[in-house]
Amino acid sequence: TGEKPFKCKHCPQAFAQNCHLRKHNRTHTDEKPFKCKQCSKAFAENSDLQSHNQMHTGEKPFKCKQCPKAFTLNRNLIRHHKTQCLKSLQGQKMPESLAQNRSLPTRNRCTPAECLVVDP
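Each residue of the sequence shown is one higher than the last, beginning at 6 in this note's numbering.
None of the hints are false.
Quick list of simulated restraints, FRET-style, between CB atoms:
1) I83 - C44: 20 to 28 Å
2) K42 - K65: 19 to 27 Å
3) E8 - K70: 39 to 47 Å
4) R31 - K70: 33 to 41 Å
5) I83 - P17: 28 to 36 Å
6) P73 - Q18: 38 to 46 Å
If you're looking for bench data, these hints aren't it; they were derived computationally from the structure.
Every residue gets a Cβ at the ideal spot worked out from N, C-alpha and C, and that includes glycine.
When you get a sec, could you build the whole thing from the sequences and use the hints?
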């Protein structure tokens, strides 16, 4: 229904669920309840702690489909895709799908490796 009854006391933000308001409130209070057991670094979000823990364990769940490289963080895989795409395009005509992709707002773009199809 689009109803957002949970309103922040510090800013105009409102949320459909109370748990989202609680998460948001941490941006105002700097509360970081999720602590790393190995190095005591603290995080506002549990998902950030989980990503951080992968650095301690060496886990690299984000794997490139084009080569054997793997990454701890998804943003590093995305950056890798962009650089690999640019390398593979050197001296070649840019595929129309990638050219169109660049005209989209960043949040709507697919990663270059997903839409890159170079005709031989």
